[in-house]
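K.L.:
Could you slot chain B onto chain A? The hints should help.
Each protein sequence line maps, in turn, to chains A and B.
Quick note on numbering: the first sequence equals residues 1 to 263 in the numbering used here.
Quick note on numbering: the second sequence equals residues 1 to 254 in the numbering used here.
Keep in mind that the hints were calculated from the coordinates and are not lab data.
Note that the structure is predicted; figures quoted are calculated from it, not measured.
Errors might be hidden in some of the hints.
[Unchecked claim] DSS-like cross-link-like pairs, simulated, lysine-lysine; straight-line CA separation at most 30 Å: (1) A/K166 - B/K118; (2) B/K89 - B/K127; (3) B/K106 - B/K55; (4) B/K16 - B/K2; (5) A/K166 - B/K106; (6) B/K76 - B/K7; (7) B/K118 - B/K144; (8) B/K118 - B/K219; (9) A/K166 - B/K89; (10) B/K76 - A/K166; (11) B/K2 - B/K183; (12) B/K76 - B/K118; (13) B/K144 - A/K166; (14) B/K55 - B/K2; (15) B/K7 - B/K248; (16) A/K166 - B/K55; (17) B/K183 - B/K144; (18) B/K183 - B/K76.
[Stated by the list, open to error] Just a few of them, taken from the derived set where beta-carbon distance is under 10 Å, the chain B residues facing chain A: (19) D59; (20) G77; (21) R78; (22) H79; (23) R80; (24) V81; (25) M83; (26) K89; (27) H94; (28) W98; (29) V135; (30) R137; (31) A155.
Cβ atoms here follow ideal geometry from the backbone N, Cα and C, with glycine treated the same way.
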Amino acid sequence: MISNSRSLKSLIFIGGVLLAWSLVAAFDLISPVLLPSPSAVCAAVVRLFGSGSLAQDLAVTARRVCLALLIGALPGIPLGLIFGYRPRLYAWFEDSLNALRSVPATCLFPLLLIVIGVGETSIVILAAYPCFLLFLVNAASGARLAEPYRIRHAEALGAGSLRIMKDLLFFEALPHILAALRTCVSYALVLVVAVEMFIGVGKHGLGRKIFDLQSNFDIPETYAAIIVTGLFGVALNTLVNLAERRVLHWMPQADELSGGKPL
Amino acid sequence: MKALSIKELTFDYPWKDPGDRLRPPLYQELCLDVRAGEITAVMGPSGCGKSTLGKIVGDIVHPVSGRLFWEPTYEKGRHRVYMNQDPEKSIWDHQTVWQNVEWPLKQIGIPHSPRRAKIRTILEDVKLDAFARRVPRDLSGGQKSRLALARQLAAEPRAIVLDECLNGLDLSTKEVIINVLSKRTQNPDSVTLFITHHANEVLKLADRCLILGNQRPVKIIADIRIDLPRPRDEDAPGYAGLQTELLKHLANDF
Numbered sequence: 001m002i003s004n005s006r007s008l009k010s011l012i013f014i015g016g017v018l019l020a021w022s023l024v025a026a027f028d029l030i031s032p033v034l035l036p037s038p039s040a041v042c043a044a045v046v047r048l049f050g051s052g053s054l055a056q057d058l059a060v061t062a063r064r065v066c067l068a069l070l071i072g073a074l075p076g077i078p079l080g081l082i083f084g085y086r087p088r089l090y091a092w093f094e095d096s097l098n099a100l101r102s103v104p105a106t107c108l109f110p111l112l113l114i115v116i117g118v119g120e121t122s123i124v125i126l127a128a129y130p131c132f133l134l135f136l137v138n139a140a141s142g143a144r145l146a147e148p149y150r151i152r153h154a155e156a157l158g159a160g161s162l163r164i165m166k167d168l169l170f171f172e173a174l175p176h177i178l179a180a181l182r183t184c185v186s187y188a189l190v191l192v193v194a195v196e197m198f199i200g201v202g203k204h205g206l207g208r209k210i211f212d213l214q215s216n217f218d219i220p221e222t223y224a225a226i227i228v229t230g231l232f233g234v235a236l237n238t239l240v241n242l243a244e245r246r247v248l249h250w251m252p253q254a255d256e257l258s259g260g261k262p263l
Numbered sequence: 001m002k003a004l005s006i007k008e009l010t011f012d013y014p015w016k017d018p019g020d021r022l023r024p025p026l027y028q029e030l031c032l033d034v035r036a037g038e039i040t041a042v043m044g045p046s047g048c049g050k051s052t053l054g055k056i057v058g059d060i061v062h063p064v065s066g067r068l069f070w071e072p073t074y075e076k077g078r079h080r081v082y083m084n085q086d087p088e089k090s091i092w093d094h095q096t097v098w099q100n101v102e103w104p105l106k107q108i109g110i111p112h113s114p115r116r117a118k119i120r121t122i123l124e125d126v127k128l129d130a131f132a133r134r135v136p137r138d139l140s141g142g143q144k145s146r147l148a149l150a151r152q153l154a155a156e157p158r159a160i161v162l163d164e165c166l167n168g169l170d171l172s173t174k175e176v177i178i179n180v181l182s183k184r185t186q187n188p189d190s191v192t193l194f195i196t197h198h199a200n201e202v203l204k205l206a207d208r209c210l211i212l213g214n215q216r217p218v219k220i221i222a223d224i225r226i227d228l229p230r231p232r233d234e235d236a237p238g239y240a241g242l243q244t245e246l247l248k249h250l251a252n253d254f
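Extracted from the complex, chain A is given alone in its bound form (with noise of 0.2 Å):
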């Protein structure tokens, strides 16, 4: 009942701001060339589709994304599993990693041009970084909150650190490394687009269309690109929010006080 009514009041609010930004465009209220209408970049998403650049550009930044965030997640959750579970090991590095996650990505992209040239990988490794800490850190807060008598338990039955990562501390950092994959998504897809946009690699990607487009000066189409990026963010979070339903099925439900939302 909630959802519903609430995804009812997200649609009619969306329909209002298309509503409000028709009425700006039909009494040219903004000068054409800032806002055009809804229906022209209606027009220019379905021109960009249809001549197939957008498409590309668009499977061109998704693979860049869905590489970067594998790349950070596959050593980063090990690692932050043997972290958690290892506090005394992690204490050597905890600090650092930390500190390395304040340092902006962007800063070092200047210095991987330097060291692995321009290309593919360079964008990849930029996005993957700050994907790859975040995985390492939420998996290791999320391992050295599992519950250690739990541990004790596989511990006394004989089972060895790698099966206790794998069948315990995996499982019971798995929220925490859904959350940190929701925030990775926004990361690299931001961090892709940003890279693709002001340094010429590429010669596709969503973020290096709109640049391109916005160079041409044209407008309609510089909309469409931008609301088609956005959209593309919008079902990378949609596919988080689903796996997690998904995956975390068997999550102790939380108060029913709470709305009896398990996260």
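P.N.:
For chain B alone, kept in the frame of chain A given last:
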């Protein structure tokens, strides 16, 4: 047969207030033998350190001085298990009821088909066979308690410490748990240390009851044999007498 000797155990938690250093430690040079093949209950007024004694025996906390001498059969590992009073701390949320029982068996290397049979027996014993595919979040409190016990006992540990495993449970769940634990006494190697503050639970379950005092350092003020036939019946001769005795010891100390 003796399974565990506690020799001159001294224990206290770290001091919290400056005044704490003036009071005697929780346990001072406590000596105690625990025998195999029987269920030993530890009883005492609330806050007297029953759970702490359980945690010491269960290797959760370590004595300041003194030692616990376990017979070699009870080498640290799968044969020494501690179960916390909160069943949630024993069960794994992401595993189904079936998997919760399966994991310990897999861990000790029981092959597939005998393992399936064993899981089935265990789940029947704790009356959870109809819930095998559920996850703990969909179980009631009593069912969780039974699952916790099933998980902890699946690998058949020779020694187990149970901290108030019957507290606040409905009668039928209590009965199931009492039956499962009583069966352990058929194994002459089994050591069961059971912490409670209910005389009835002691009479239903224990062969021996240790009553702890209320003053620091805590002493064992009574060591009572519960020589009643199993299954325990409230109308059995001797039951009422033992009940009076237990309650008298508890009341005297206040």
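K.L.:
Evaluate each hint against the coordinates.
P.N.:
Verification of the hints:
1. A/K166 - B/K118: Given pair A/K166, B/K118 holds - Cα atoms ~24 Å apart, limit 30 Å.
2. B/K89 - B/K127: Status holds; Cα separation ~20 Å.
3. B/K106 - B/K55: 27 Å, holds
4. B/K16 - B/K2: 37 Å, violated
5. A/K166 - B/K106: 14 Å, holds
6. B/K76 - B/K7: At roughly 18 Å apart (the allowed maximum being 30 Å), B/K7 and B/K76 satisfy the hint.
7. B/K118 - B/K144: 19 Å, holds
8. B/K118 - B/K219: Roughly 42 Å separates the two Cα atoms, so the pair is violated.
9. A/K166 - B/K89: 18 Å, holds
10. B/K76 - A/K166: It holds: about 24 Å lies between the C-alpha atoms, which stays within 30 Å.
11. B/K2 - B/K183: 19 Å, holds
12. B/K76 - B/K118: OK: B/K76 and B/K118 at ~24 Å, within 30 Å.
13. B/K144 - A/K166: 24 Å, holds
14. B/K55 - B/K2: Between B/K55 and B/K2 the Cα gap is close to 20 Å, so the pair holds against 30 Å.
15. B/K7 - B/K248: Given pair B/K7, B/K248 holds - Cα atoms ~28 Å apart, limit 30 Å.
16. A/K166 - B/K55: 28 Å, holds
17. B/K183 - B/K144: Holds: B/K183 and B/K144 sit about 20 Å apart, inside 30 Å.
18. B/K183 - B/K76: Since the Cα atoms of B/K183 and B/K76 sit roughly 23 Å apart, the hinted pair holds (cutoff 30 Å).
19. D59: 8 Å, holds
20. G77: With a minimum Cβ separation of about 6 Å from chain A (threshold 10 Å), the hint on B/G77 holds.
21. R78: 5 Å, holds
22. H79: At 8 Å from the nearest chain A Cβ, B/H79 passes the 10 Å test, so the hint holds.
23. R80: 7 Å, holds
24. V81: Holds - the Cβ of B/V81 comes within 10 Å of chain A, reaching about 6 Å at its closest.
25. M83: Constraint on B/M83 satisfied, holds at 8 Å.
26. K89: With Cβ-Cβ at 4 Å, under 10 Å, it holds.
27. H94: 4 Å, holds
28. W98: With a minimum Cβ separation of about 13 Å from chain A (threshold 10 Å), the hint on B/W98 is violated.
29. V135: 4 Å, holds
30. R137: Constraint on B/R137 satisfied, holds at 5 Å.
31. A155: 6 Å, holds
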